[in-house]
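Sequence order for the protein chains is F and X. Each residue of the first sequence is one higher than the one before, starting from 1 at the first, in our numbering. Each residue of the second sequence is one higher than the one before, starting from 1 at the first, in our numbering.
Derived by calculation from the structure, the hints in this document are not laboratory data. One thing to keep in mind: the hints can contain errors.
Note that identical chains are pooled: a pair holds if it fits in a single copy or bridges any two copies.
[Unchecked claim] List of simulated lysine to any residue pairs, SDA-like, C-alpha gap at most 20 Å: (1) K61 to D123; (2) K106 to E208; (3) K118 to M213; (4) K120 to F53; (5) K183 to E40; (6) K120 to Y209; (7) K48 to S97; (8) K197 to S125; (9) K155 to V204; (10) K6 to K106; (11) K225 to S71.
For clarity, every value in this text was computed on a predicted model and none was experimentally measured.
2 protein chains.
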Amino acid sequence: MNKKFKIIIIGSGNVAEHLIRSFEYSVNSEVVQVYSRNTEAGNELSPKFNIDFTNSLDRLKKADLYLIAVSDTAIAEVSNSLPFTDRLVAHTSGATSMDILNNKNKQAVFYPLQSFTKGKKIDFSNIPICIETISNEDCDTIMSIAESISNTVSKVSSEQRQYLHASAVFVNNFTNHMFHIGKEIADHHNVDFNLLKPLIKETVEKLEYKSPMQAQTGPAVRGDKITMEKHLGLIPDETHKEIYRLITESIFKTHN
Amino acid sequence: MNKKFKIIIIGSGNVAEHLIRSFEYSVNSEVVQVYSRNTEAGNELSPKFNIDFTNSLDRLKKADLYLIAVSDTAIAEVSNSLPFTDRLVAHTSGATSMDILNNKNKQAVFYPLQSFTKGKKIDFSNIPICIETISNEDCDTIMSIAESISNTVSKVSSEQRQYLHASAVFVNNFTNHMFHIGKEIADHHNVDFNLLKPLIKETVEKLEYKSPMQAQTGPAVRGDKITMEKHLGLIPDETHKEIYRLITESIFKTHN
């Protein structure tokens, strides 16, 4: 059997833990160490996955890939503090450009495009991993490692990744807020929000065979002012009313 | 075997066709006739389901339930034109109150809470049907008929149904528009929108074990102004920018 790629995870949060778990069954890669300033979190992770933990950068082992999974604002500082050069160092952030990493090491990005929930196991094989590197050699390494845990690995430039991240805010964060407003309207009138779940599922399933442009239905696209006015009268929250008006206007403009 | 409930569908559009199909395997109900002013559409439906079609109200047969599946604005007129009294007549609209139906007949509502796509078969057993009637006897009839095609039948008042319909606009129409904007951002920068689909699926799956309030993530809930400003700089469309600002503000207000 070939030697496995050695990976060190820098960070002990939610994404770090999901990454560590994702490599448990990788055939060509293994996490050999976890580093975190947060000793408590590290000491929890370490026995859980039977992986060496250190809170000292000086005790970092030699590895094929250092994966920085810390908050966006801490990436630069961590990367600057690494006490070695010419090794492959990737961050895992969607919103952060590759060159924020100190170029004393070989810069790369390893961005799993998913919203991770603490404690909820997730099948990594379905999560797209967007990668970026400087050299082709680094690309081969990162590609091999990423493909050992995911079926969808895509080369995405820093510029493209920014747009992907902005798009993710609409399709994930904002969509979830639409669910929140819908639930609030239902809850306030003792209507079971579960009644709406099959509709929500169908909204997503339609993406498989129609573009969202083709799939658009409802009073806004029809320009059905009577129903719109009725709905506005039913929404007590002023901000939610404003959202109703603005998205309705945007849908109408998109289609007319 | 007991006698089946006889149903007549009034209308020949998308919802009418889905309803006709849903009763094909009902054990206690059968569609015995379809009425439509649109002779062409009726003549297409009739052989497809081997059901009698008429374009004349005077030739309507006797039935246990007349299901009006026409556009919201046509319901009142159709209901007024029915040449009989004291029979059970239901409309299928989410946004329309029950009493729009002429009270010479027994008024009812039979509202399947789903967004139907022409030509796409759908499993009706998962679609909630919201029913409303005047009397308990009518309720028993409609309940039996609805339960023969769906696993979720709920008594919902006209008032509650209005709120459900407003809520559906947020979780379905507006969510779909979020997908549209996300896709537009991705498309304009040659990023494959498919990369975002696992994230979209996860957004919906989270509803099974978290409220949307608990599930909210992203720069808006964190108050991460740096990322927000970055995103606003990436969105060319002024209305989409405005949507970004407003929903971000709403998420922040909801959580802080």
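- Check K61 against D123 for me: Cα-Cα at most 20 Å, and say if that holds within a copy, between copies, both or neither. neither (29 Å within a copy, 55 Å between copies)
- With identical chains treated as interchangeable, where does the CA-CA distance between K48 and S97 reach 20 Å or less: within a copy, between copies, both, or neither? Neither: 32 Å inside a copy, 57 Å across copies.
- Message: For K6 and K106, with the copy left unspecified, which applies at a CA distance of at most 20 Å: within, between, both, or neither?
- Response: Only inside one copy: K6 and K106 sit 16 Å apart there, 74 Å across copies, limit 20 Å.
- Message: Reference check for the pair K183 and E40, CA-CA at most 20 Å: within, between, both, or neither?
- Response: neither (37 Å within a copy, 41 Å between copies)
- Taking 20 Å as the upper bound on the Cα-Cα distance, should K197 and S125 be classified as within, between, both, or neither? between (26 Å within a copy, 14 Å between copies)
- Is it within, between, both, or neither for K106 and E208, if the alpha carbons may be no more than 20 Å apart? neither (38 Å within a copy, 42 Å between copies)
- Using 20 Å as the alpha carbon limit, work out where K155 and V204 are close: within a copy, between copies, both or neither. Close neither inside one copy (26 Å) nor across copies (27 Å); limit 20 Å.
- Query: What label fits K120 with Y209 when the C-alpha limit is 20 Å: within, between, both, or neither?
  - Reply: between (29 Å within a copy, 10 Å between copies)
- Message: Within a copy, between copies, both or neither: which one fits K118 and M213 at a CA-CA cutoff of 20 Å?
- Response: between (34 Å within a copy, 15 Å between copies)
- Task: Can you give me the call for K225 and S71, within, between, both or neither, at a CA distance of at most 20 Å?
- Result: Answer is between: at 14 Å across copies they meet the 20 Å cutoff, but 45 Å inside does not.
- Between copies, within a copy, both or neither: which fits K120 and F53 at Cα up to 20 Å? neither (23 Å within a copy, 53 Å between copies)
Against the hints set out earlier in the document, violations occur for numbers 1, 2, 4, 5, 7, 9.
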